[in-house]
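Peer 1: Listed below are the residues making up each chain.
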Amino acid sequence: MVLLTRKIEFSASHRYNNPAMSEEENRRVFGKCNNPHGHGHNYTLEVTVAGEPDPVTGMVVDLADLKKILEQEVMRRMDHRHLNFEVPELAGQIPTCENVARVIWSLLEPKIPQGRLHRVRLYESPDLFADCYRNGAGRNESAS
Amino acid sequence: MTAAHGGLKIELGRRYRFAASHRLHSAQLSDAENARIYGKCNNACGHGHNYVVEISVSGDVDPATGMIANLADLDDFVQREVLEPFDHRSLNDEVELFQAEVPTTENLCIEIYRRLRAFPTAKLERVRIEETPNNSFEFAGDGIASASDGAL
Chain A
1 MVLLTRKIEF SASHRYNNPA MSEEENRRVF GKCNNPHGHG HNYTLEVTVA GEPDPVTGMV
61 VDLADLKKIL EQEVMRRMDH RHLNFEVPEL AGQIPTCENV ARVIWSLLEP KIPQGRLHRV
121 RLYESPDLFA DCYRNGAGRN ESAS
Chain B
1 MTAAHGGLKI ELGRRYRFAA SHRLHSAQLS DAENARIYGK CNNACGHGHN YVVEISVSGD
61 VDPATGMIAN LADLDDFVQR EVLEPFDHRS LNDEVELFQA EVPTTENLCI EIYRRLRAFP
121 TAKLERVRIE ETPNNSFEFA GDGIASASDG AL
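Protein chains in written order, with my numbering: chain A, 1 to 144; chain B, 1 to 152.
With the rest of the complex left out, here is chain B (with noise of 0.2 Å):
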């Protein structure tokens, strides 16, 4: 998909932005271990963030838009994949994969991956997450086929 640039690539990056609660708690451990592994974020009431999604795709730009996709569009696909079933809402209750694991930025990273993947007219190259201003967790699909790899 990138040689139509002159040995260019050429991706485009979006940020997005939604806020949600979570708890870092594992039932492999007991809760003297989930304690000291997560401490605070072991807090029983869960607590909060406000996520910045940061989301770079690849492909080629066409020559009529200019465009590598349509940002209507993929603000659309993002919308409806991560910030409709995400935003205001508690991970550990109201996303069925952070039932059984631990809704830690790693993991969320992955997931928002695998939901993003199918963006059907540009590669996802990779998703990075700030947890906040000073942590921020990225992930490129090692071991994970996008969509445009026709793997699916």
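This is chain A alone, in the form it adopts within the complex (with noise of 0.2 Å):
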């Protein structure tokens, strides 16, 4: 098996708010987070799939397709965006990495035409970041 991991940049803007809880309550879980006005990250995405190079191509999957892909589910999405308002995928969540990576996943995952998703990695920083994987093909399980 080889991984290949293509990746993408895209800016937005999110709040963390849940409005089945306080005002207070919301300031005291989500901090600074919780800005009524909102606030915004420069992401960055990595998203590898995993396979046996094609014998004709030697390619896991054609990375101009990957491209198209993603500039189709991800960028067109997500890119210069507002996360609670105009992202339907994530209506109802809070927009935190972890959830904006498993959106992610499931809006990628059927669409990868060749070889199959084996890892989602969003940072919303450099230092935080929210990985996505099949269960049983994370790092520290055998890869199946």
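Accuracy of the hints is not assured; some may be wrong.
To be verified - For the chain A half of the interface with chain B, some residues (derived, Cβ under 8 Å), not all of them: (1) Asp54; (2) Pro55; (3) Gln93; (4) Ile94; (5) Arg134.
To be verified - The following label-pair restraints were derived from C-beta to C-beta distances: (6) A:His80 to B:Asn50: 30 to 38 Å; (7) A:His80 to B:Pro63: 22 to 30 Å; (8) B:Glu33 to A:Pro55: 44 to 52 Å; (9) B:Asp73 to A:His37: 37 to 45 Å; (10) B:Ala32 to A:Lys7: 29 to 37 Å; (11) A:Ser11 to B:Gly143: 21 to 29 Å; (12) A:Glu24 to B:Leu29: 56 to 64 Å; (13) A:Pro53 to B:Ile37: 34 to 42 Å; (14) B:Leu97 to A:Ser125: 25 to 33 Å; (15) A:Gly136 to B:Ser26: 20 to 28 Å; (16) A:Phe85 to B:Ile144: 42 to 50 Å; (17) B:Pro133 to A:Gly136: 30 to 38 Å.
Since the hints were made in silico from the structure, they are not lab data.
Beta carbons: idealized from backbone N, C-alpha and C, even for Gly.
Build the complex from these two chains, which are given one at a time in their own frames, with help from the hints.
Peer 2: Written out as structure tokens, the structure reads:
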């Protein structure tokens, strides 16, 4: 198995607020991420596809296809958008790194034309990121 | 802990920094052997690094908060268990373990894993340390139970 990773960057705004909790509770749990006017990040997304290189092309997945899918599924949906208001897949969820990574996984997984999606890593900042794997394929587990 | 996400495993990664000095020197080796094996890292007066500690934790994403673990809780825990005792310290002189063990970054990974595995609200998956931008080390707890395994 060979892993291929493509990296893209997008910028988006968000706010952490759970309407089921009081204002004080939201402020306590989410801190400055609860700022009523929102804030934003430069996100870095790493998408890893696993597979055997095609014997004819030598590719795990055609990078041109992968770039197109990332453009359609992620960039058009999320780049320069407000994640709370403009991304229907995140409706009703707090747009944390964990949840955004999970939504990106579910958008990409059915679209990967060759190989299979192995990992989605989303950096909200250089020091904070979320990883999403299919159960059993994580770093501490044997790849199956 | 991972069944709730439609067969997906989600991990939260966080990077921290501390600066510390160390000296690689084994009491079990002669001075000549120490000098040969550790090279300039055996310098008698020590030297230091800006360490980057990258940790990953896993668990269920709480639907109310969207989080595996509250970052403030995680930051406080790492601050107390690792950054305060290690930052701007001599690892050999001020961390008890390294009075007996050589403070290589391999051993530092294991020690930091041991200190952080008790984090109560998520499972520690691994500790990865960059000793310099070119050298990194990783430990995923082989042979050590984490708090959420129920083995402690």
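Peer 1: Does each hint hold? Answer for all of them.
Peer 2: Against the structure, the hints:
The closest approach between the C-beta of A:Asp54 and any C-beta of chain B is roughly 27 Å, which is over the 8 Å cut-off, so the hint fails. For A:Pro55, the suggested interface contact is broken, since its CB lies about 30 Å from the closest CB of chain B, more than 8 Å. At about 6 Å, the closest approach between the beta carbon of A:Gln93 and any beta carbon in chain B falls short of 8 Å, and the interface hint on this residue holds. For the restraint placing A:Ile94 at the interface with chain B, the shortest Cβ-Cβ distance is roughly 3 Å, inside the 8 Å limit, so the hint holds.
A distance limit of 8 Å between C-beta atoms decides the matter here; for A:Arg134 the minimum to chain B is near 6 Å, and the interface restraint holds. With their beta carbons about 34 Å apart, A:His80 and B:Asn50 fall inside the hinted range of 30 to 38 Å. Against the hinted window of 22 to 30 Å, the Cβ-Cβ separation of A:His80 and B:Pro63 comes to about 28 Å, which satisfies the hint. About 51 Å separates the C-beta atoms of B:Glu33 and A:Pro55, a value consistent with the hinted range of 44 to 52 Å.
Between B:Asp73 and A:His37 the C-beta distance comes to about 26 Å, which lies outside the given range of 37 to 45 Å. Checked against the hint of 29 to 37 Å, the pair B:Ala32 and A:Lys7 fails, with Cβ atoms roughly 47 Å apart. Range check, A:Ser11 to B:Gly143: about 43 Å between beta-carbon atoms, so the 21 to 29 Å window is missed. At about 59 Å, the beta-carbon gap between A:Glu24 and B:Leu29 stays in the expected band of 56 to 64 Å.
In this structure the supplied range 34 to 42 Å holds for A:Pro53 paired with B:Ile37, their Cβ-Cβ distance being about 40 Å. For B:Leu97 and A:Ser125, the hinted distance range of 25 to 33 Å is satisfied, since their beta carbons lie about 32 Å from each other. As the Cβ distance of A:Gly136 to B:Ser26 is approximately 40 Å, the hint placing it in 20 to 28 Å is violated. For the hinted restraint 42 to 50 Å between A:Phe85 and B:Ile144, the CB-CB distance of approximately 44 Å keeps it satisfied.
At about 32 Å, the CB distance of B:Pro133 to A:Gly136 agrees with the hint of 30 to 38 Å.
Hint check: violations occur at hints 1, 2, 9, 10, 11 and 15; the rest are consistent with the structure.
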